[in-house]
Amino acid sequence: MGSVVLEEVTKRFGDTVAVDDLSLEVRDEEFLVLVGPSGCGKSTALRMIAGLDDPTDGVVRIDGRIVNHVEPKDRDVAMVFQDYALYPHMTVRRNVEFPLRTRSMDRDERQRVVTEAAETLGLGEFLDRKPAQLSGGQRQRVALARAIVRRPEAFLMDEPLSNLDAKLRVATRTELVELQRRLGTTVVYVTHDQVEAMTMGSRIAILNEGALEQIGPPPEIYRRPASVFVARFIGSPPMNTAAGPVRGEPGALRVVLPGGEIALTPHDSRTVAGSGCSEIVVGIRPEHVTVNDAKDGATADGAAGDASGIPASVLSVEALGYERHVICRLDDGTTMIARISTDGPEPPAHSAVRLGFDTARLHFFDPATTRRIDG
Amino acid sequence: MSADTSALDSAVSDVATQVSDPVQERRIRATRRRHRIGVVLRYTLLTVLAGIVLFPVYMTVVNSLLPADVIVARPPTLWPEVREWNHYATAWTDGHLGLYLRTSIIVTAIITVGQVATSILAAYAFTFLDFPFRRTIFVVFLATLMVPFEVTIITNFQTISDLNWLNSYQGLAVPFLATGFGAFLLRQSFLTLPRSLEEAARLDGYGHWRFLARVVVPLSRPAIGALAVFSFLLAWNQYLWPLLIADDEQYRTVQVGLKQLSQSNLAEFPITFAGTILAALPLLILLLVFSKQLVRGLTAGAVKG
Ligand SMILES: Nc1ncnc2c1ncn2[C@@H]1O[C@H](COP(=O)(O)OP(=O)(O)OP(=O)(O)O)[C@@H](O)[C@H]1O
Ligand SMILES: [Mg+2]
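If you read the sequences in order, they're chains A and B.
In terms of my numbering, the first sequence opens at residue 1 and continues consecutively.
In terms of my numbering, the second sequence opens at residue 376 and continues consecutively.
Since the hints were derived computationally from the structure, they do not count as laboratory data.
Check the hints yourself; a few may be wrong.
Said to hold, decoys possible - Not the full set, but computed from the structure, chain A residues with beta-carbon under 10 Å of chain B:
| # | residue |
| --- | --- |
| 1 | A50 |
| 2 | E71 |
| 3 | D74 |
| 4 | P88 |
| 5 | M90 |
| 6 | T91 |
| 7 | F98 |
| 8 | D106 |
Claimed, not checked - Rough simulated footprint, nothing fancy, chain A against chain B, three-plus residues with beta-carbon under 8 Å:
| # | region |
| --- | --- |
| 9 | 544–553 |
| 10 | 578–587 |
| 11 | 590–597 |
C-beta atoms are modelled at their ideal positions from N, C-alpha and C, and glycine is treated no differently.
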């Protein structure tokens with residue numbers, strides 16, 4: 001039904017390559033999130049699916065049909081714009097029924113569909129207001145209602161939550177996913193917010209400078225980031241990465257970091273040896289780093305640690321209430337962040353510490369290609 | 376102006392009711408007095424200015440009611456003891472003002488509707504359509520604003536005369552059906568509409584015409600209204616062109632007719648004044664009806680910056 005496929009799609013604006021050889025499949029009834037930093041081409045990709053921009057190269061398919069030369073209105077997709085694109089001079093009812101007025105649908109039927117959509121989104125009491133008389137969240141619902149009355153093959157949403165305050169955003173996130181389940185439609189959802197991506201997407205596609213870095217379900221992206229970019233983009237605080245030469249025997253390799261070494265597990269040693277890289281980028285999530293006292297090796301949250309970690313100095317500590325982020329600096333200036341519990345004393349700023357790494361949780365990347373090294 | 380002064384007023388009186396400290400009370404009363412003096416001064420000035428502007432209009436009304444021999448007497452009469460309202464009837468029938476007004480209204484209506492329609496279409500094309508040399512063509516449009524009408528009047532006259540359109544409504548109206556100014560004004564207004572509105576409409580199956588009619592025009596009503604008023608004023612007050620094109624009574628506009636009325640003979644002096652008032656009435660009505668629109672159009676640029 002509503003699958004959307006991009007095949008080697010490229011979009012250039014003059015010299016700018018907005019989307020670079022992007023191949024992507026959005027399965028029917030899937031909630032796919034396109035995520036990436038500002039300017040990475042998310043909106044452009046979405047607009048090419050909608051037909052608002054034409055690809056410079058490549059093929060766009062909706063429901064198996066090539067739509068490159070199909071008018072936007074005939075693609076059977078509905079779009080929710082970041083600014084909602086509501087018509088300010090029309091009431092909510094008029095706005096919601098706007099897409100239906102181009103179709104041959106009798107008035108009663110139209111009323112019924114509008115009322116149903118309004119009920120689905122809790123807009124019943126606002127039907128006779130103008131958009132200016134609604135809050136941001138209510139406007140966003142009107143935009144959604146206008147999209148769902150069309151019963152499209154796919155919804156395209158471009159950062160629909162970015163104008164809402166943090167609390168409302170969290171609530172709406174859940175509602176959107178719920179709505180998508182209920183309607184059973186395909187959704188392509190664009191955001192630059194990795195939390196939104198992780199919590200909403202059945203799969204996430206991460207874009208960087210117009211190219212696809214990785215696509216997969218959120219847990220997989222988190223557990224096995226395919227590149228340094230993904231590793232650092234997904235996760236907050238981001239994954240720590242440091243480059244260093246590889247030493248030792250094939251079965252027991254060590255990575256030399258500024259101020260110390262990390263001994264790899266036998267499994268990792270084989271993986272790294274297999275890649276043939278003499279230098280490597282090591283990545284570790286902040287939750288897998290412990291902050292240990294420089295002298296006795298006790299961890300900051302009180303547990304007994306080891307004194308063998310990498311020496312570092314504490315720059316600052318961010319206490320979030322439920323956890324703390326200890327921001328440290330290695331001898332060469334590399335920043336490392338540790339995520340620790342709120343138990344125990346706080347490591348004072350500028351104090352010397354030793355960072356312990358959970359060596360079973362290391363990630364490895366090829367410094368030349370920045371791609372993941374896998375066994 | 377008046378909104379913030381009244382806000383200040385109420386703020387000042389609010390404070391006054393709350394404090395009982397005599398020193399402060401005196402200070403507040405002084406502030407209020409100073410404030411009131413400011414308002415009085417401002418309104419006095421405005422009244423004087425209004426008087427200066429309105430005095431000639433008033434004198435026209437007075438003179439239109441005076442008998443012909445009184446009008447040239449010195450000192451001039453400021454209040455007519457005998458009011459000869461029949462001058463208006465004379466101007467209307469014997470002076471053919473009724474006929475001229477009819478022509479003026481027809482021609483002005485054609486020009487106004489035409490200018491608004493062509494400006495909307497041109498501005499839409501310059502804003503929402505992609506076509507080769509769009510920028511260049513727009514600049515050419517703008518350049519026509521720099522060419523005074525007097526420069527092209529001879530060629531225009533020749534064209535109209537070649538078309539055999541002398542002494543006709545089309546001859547009076549057609550050269551003014553398009554205006555670079557209108558296209559420019561409306562384009563500025565259309566440009567403020569979010570691009571996503573057009574894209575949303577496109578996705579929903581709205582073509583250019585329907586998008587124009589359902590979204591662009593309703594959302595640009597202030598600018599379109601202002602353009603209509605400007606076009607109307609311009610068309611109504613034309614003199615040179617109608618003078619050239621129409622020597623037939625039937626197609627004489629009121630401005631030309633008035634001039635001829637005033638040149639006929641002294642006995643009809645008050646009748647000319649009555650005619651002037653009659654000729655100004657449609658404008659006056661228009662202004663009263665659309666004054667809000669006109670002011671909004673004039674200040675639109677100022678507010679948006
Ligand atoms: N119409 C255009 N003309 C020229 N360049 C454009 C156009 N639209 C987008 N670009 C460029 O293409 C690149 C991708 O833009 P795009 O809007 O797709 O980014 P995005 O990922 O949506 O970013 P954001 O998160 O800021 O919305 C940017 O470098 C942008 O400057
Ligand atoms: Mg964008």
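Each hint, compared with the structure:
1. A50: Holds. Min distance 6 Å.
2. E71: Holds. Min distance 8 Å.
3. D74: A:D74 check passes; min Cβ-Cβ to chain B is 8 Å, inside 10 Å.
4. P88: The hint holds - A:P88 has a Cβ within 10 Å of chain B, the shortest such distance being about 7 Å.
5. M90: With a minimum Cβ separation of about 8 Å from chain B (threshold 10 Å), the hint on A:M90 holds.
6. T91: This interface hint is violated because 13 Å lies over the 10 Å limit.
7. F98: holds, 6 Å
8. D106: Violated: closest Cβ of chain B sits about 17 Å from A:D106, beyond 10 Å.
9. 544–553: violated (count 0)
10. 578–587: That given contact holds, which follows from 5 residues of the region 578–587 of chain B lying within Cβ reach (below 8 Å) of chain A.
11. 590–597: holds (count 3)
Hint violations for this structure: numbers 6, 8 and 9, all remaining hints satisfied.
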